[in-house]
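Novice: One-letter residues, chain by chain:
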Amino acid sequence: MVYLKNCMDKIQNTYKILVNEKLCPQYWRMIFNAPDLAAEVKPGQFVHIRTDDQGLQPFFRRPFSVYRAQKYVEIFYDVVGPGTKLLSLKKKGDTLDVLGPLGTPFKMPPETTKQVIFIAGGIGIAPMLILSDLLKKKKYELILLYGGRNRGHVYPMQEFKDNGVKVHIATDDGSVGANGRVSVLFDKINKDPQHTFIYTCGPNPMMKAVQAFAAQHGILGQAACEEIMACGLGACLGCSIETKHGFKTVCHDGPAFDLDEVILH
Amino acid sequence: MNISIKIANVTFKNPVTVASGTFGHAERYYNLEEVKRLGAIVPKTVTLHPQVGNAPVRIFETPSGMINAIGIENPGIDVFIDQKLPALKKTGVPLIISILGHNEEQFIGIMEKLNKQEGIAAIELNLSCPNLKHKVLVAQDPVATTQLVKKMKSLSKFPIIAKLSPNVTDIAEIALAAQEGGADAVSLINTFTAMAIDVKTRKSRIGNFTGGLSGPAIRPIAVCMVQKVASQVKIPVIGMGGIMTASDALEFLIAGASMVAVGTANFINPRAPIDVLEGIEAFMNENKISDIREIIGSLKQ
Numbered sequence: 001m002v003y004l005k006n007c008m009d010k011i012q013n014t015y016k017i018l019v020n021e022k023l024c025p026q027y028w029r030m031i032f033n034a035p036d037l038a039a040e041v042k043p044g045q046f047v048h049i050r051t052d053d054q055g056l057q058p059f060f061r062r063p064f065s066v067y068r069a070q071k072y073v074e075i076f077y078d079v080v081g082p083g084t085k086l087l088s089l090k091k092k093g094d095t096l097d098v099l100g101p102l103g104t105p106f107k108m109p110p111e112t113t114k115q116v117i118f119i120a121g122g123i124g125i126a127p128m129l130i131l132s133d134l135l136k137k138k139k140y141e142l143i144l145l146y147g148g149r150n151r152g153h154v155y156p157m158q159e160f161k162d163n164g165v166k167v168h169i170a171t172d173d174g175s176v177g178a179n180g181r182v183s184v185l186f187d188k189i190n191k192d193p194q195h196t197f198i199y200t201c202g203p204n205p206m207m208k209a210v211q212a213f214a215a216q217h218g219i220l221g222q223a224a225c226e227e228i229m230a231c232g233l234g235a236c237l238g239c240s241i242e243t244k245h246g247f248k249t250v251c252h253d254g255p256a257f258d259l260d261e262v263i264l265h
Numbered sequence: 001m002n003i004s005i006k007i008a009n010v011t012f013k014n015p016v017t018v019a020s021g022t023f024g025h026a027e028r029y030y031n032l033e034e035v036k037r038l039g040a041i042v043p044k045t046v047t048l049h050p051q052v053g054n055a056p057v058r059i060f061e062t063p064s065g066m067i068n069a070i071g072i073e074n075p076g077i078d079v080f081i082d083q084k085l086p087a088l089k090k091t092g093v094p095l096i097i098s099i100l101g102h103n104e105e106q107f108i109g110i111m112e113k114l115n116k117q118e119g120i121a122a123i124e125l126n127l128s129c130p131n132l133k134h135k136v137l138v139a140q141d142p143v144a145t146t147q148l149v150k151k152m153k154s155l156s157k158f159p160i161i162a163k164l165s166p167n168v169t170d171i172a173e174i175a176l177a178a179q180e181g182g183a184d185a186v187s188l189i190n191t192f193t194a195m196a197i198d199v200k201t202r203k204s205r206i207g208n209f210t211g212g213l214s215g216p217a218i219r220p221i222a223v224c225m226v227q228k229v230a231s232q233v234k235i236p237v238i239g240m241g242g243i244m245t246a247s248d249a250l251e252f253l254i255a256g257a258s259m260v261a262v263g264t265a266n267f268i269n270p271r272a273p274i275d276v277l278e279g280i281e282a283f284m285n286e287n288k289i290s291d292i293r294e295i296i297g298s299l300k301q
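Protein sequence lines correspond, in order, to chains Y and U. Per our numbering, the first sequence starts with residue 1, numbered consecutively. Per our numbering, the second sequence starts with residue 1, numbered consecutively.
Because the hints were derived from the structure by calculation, they are not lab data. One or more of the hints may lead you astray.
Said to hold, decoys possible - Using C-beta positions, here's what the derived DEER-type ranges look like:
hint	chain 1	residue 1	chain 2	residue 2	range
1	Y	172	U	132	50 to 58 Å
2	U	203	Y	22	54 to 62 Å
3	U	224	Y	242	34 to 42 Å
4	U	106	Y	78	42 to 50 Å
5	Y	245	U	63	47 to 55 Å
Unchecked claim - Here are some of the chain U residues that sit facing chain Y, going by a computed Cβ distance under 7 Å:
hint	residue
6	52
7	53
8	56
9	58
10	59
11	75
12	78
13	81
14	192
15	268
16	285
17	286
For each residue, glycine too, the CB sits at the ideal point set by N, CA and C.
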């Protein structure tokens with residue numbers, strides 16, 4: 001059932017789940033066997049999953065950033081509602097109706113870049129690993145600034161470390177790493193705009209803080225945005241957000257936008 | 001097997017189309033080989049001037065459905081004709097162009113521009129969008145419906161379809177008013193005005209305050225309205241409202257619809273219209289039905 005392939009570089013297919021596991025008290029990882037999809041995915045793109053076979057309850061598909069796409073496709077998720085609850089109940093060997101890869105991927109850093117900073121809050125870590133898989137091949141200094149609510153939101157992040165990423169953590173209650181929001185880690189950033197490029201994903205207040213910091217120092221970057229989504233294909237225009245260039249769909253024009261382009265609320 | 005349907009002078013090769021607003025301007029789909037199998041394509045409603053649409057949040061998921069308040073975001077009729085129509089024509093699928101004016105002059109303005117075009121099968125008058133802060137929709141007033149349909153019918157070189165609102169006391173009255181104005185068909189239903197509230201913030205979930213409810217949640221009401229209208233009008237009815245499967249579509253056909261439109265289901269399963277078409281054909285094969293007209297309006301008392 002790879003009928004979308006010819007026309008849109010998009011695949012709708014049924015894939016078998018290989019792993020569905022908790023990585024820490026808060027977050028889950030699912031791995032499914034999708035070599036055709038894995039070959040197409042670029043960092044920042046997402047997959048749109050029908051968590052209920054009949055698609056009636058919950059009704060919408062659920063979008064997930066691709067966490068990693070090597071031989072298999074991996075997603076990283078938080079159980080926040082009925083869709084992700086259903087997903088967490090899936091067992092090894094169960095199948096999923098997946099549509100992807102969707103959306104505009106992250107832009108690559110400009111030529112002069114020496115330091116690449118990933119700034120992620122909570123589940124916003126999801127698109128960063130696949131990005132580090134790609135960027136580790138270049139000679140960048142890679143740094144992850146991760147903010148979590150508490151200990152339960154922190155996991156070893158060994159894959160990042162294996163990619164040569166320096167990991168710095170802050171928690172709201174100080175139970176792991178620095179005490180406070182991820183902004184307490186901004187002193188790790190090289191403030192020379194020629195040399196630094198930021199990728200950020202997380203709650204809007206966090207991304208607003210990143211946006212303000214970047215604007216202050218003239219640093220460029222990209223932000224991966226989120227909105228309630230229906231079709232995932234740019235047809236319904238339901239997931240539009242405000243940007244300096246008018247309303248843009250997160251699913252088709254995004255999820256990756258220039259950091260200074262999006263108007264965050 | 002004959003599954004073709006005629007509306008006015010246009011023959012559609014099968015009764016399955018898509019509901020306006022759920023297929024974009026088909027640019028995300030039009031290369032799709034399977035789109036060419038559809039009976040007709042109804043692109044998103046076009047207005048005289050470009051519209052940026054409503055402020056987010058524009059959609060919200062509800063039990064077996066969704067509320068939307070997109071606000072007819074579209075590039076306007078001139079850009080549509082220049083940039084969207086050529087690609088749509090290339091599909092070879094009959095095009096039903098959905099249009100909306102904020103007053104009669106705007107409807108006339110759009111019609112005059114479309115009249116200069118070729119390769120359009122029919123015009124659907126969107127008389128029923130609930131998300132544009134109009135106090136009363138045309139499709140909520142039988143006199144206004146007759147008047148506007150009559151005016152458009154007198155101008156248009158294409159057949160005219162009137163898209164009706166379910167937000168009325170008696171939808172058959174409005175359908176009859178459209179028929180009196182000379183409509184070649186009516187399509188129903190558009191969405192139900194609806195609201196969902198975030199109990200934490202005590203604010204509406206939708207940026208536009210209210211939106212339109214669609215999806216399988218509304219299907220039984222849509223089937224009932226289609227049955228009511230089809231039993232009273234002489235013109236063909238295009239039925240829609242929460243169709244997800246062929247079985248859903250068959251309900252509408254049995255209720256009296258000549259064609260069916262798949263809408264919200266496109267967002268869940270991009271292949272839904274083709275699944276519906278194939279399912280109708282399979283149903284006819286299984287039941288040894290050679291002509292779709294044996295199904296249409298075959299509801300037993």
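Novice: Determine for every hint whether it applies to the structure shown.
Specialist: Comparing the hints with the structure gives:
no. : hint                      : result
1   : Y/172 / U/132: 50 to 58 Å : 43 Å, violated
2   : U/203 / Y/22: 54 to 62 Å  : 34 Å, violated
3   : U/224 / Y/242: 34 to 42 Å : 40 Å, holds
4   : U/106 / Y/78: 42 to 50 Å  : 46 Å, holds
5   : Y/245 / U/63: 47 to 55 Å  : 36 Å, violated
6   : 52                        : 6 Å, holds
7   : 53                        : 6 Å, holds
8   : 56                        : 6 Å, holds
9   : 58                        : 5 Å, holds
10  : 59                        : 4 Å, holds
11  : 75                        : 12 Å, violated
12  : 78                        : 18 Å, violated
13  : 81                        : 20 Å, violated
14  : 192                       : 16 Å, violated
15  : 268                       : 4 Å, holds
16  : 285                       : 22 Å, violated
17  : 286                       : 22 Å, violated
Consistency note: the structure conflicts with the earlier hints numbered 1, 2, 5, 11, 12, 13, 14, 16 and 17.
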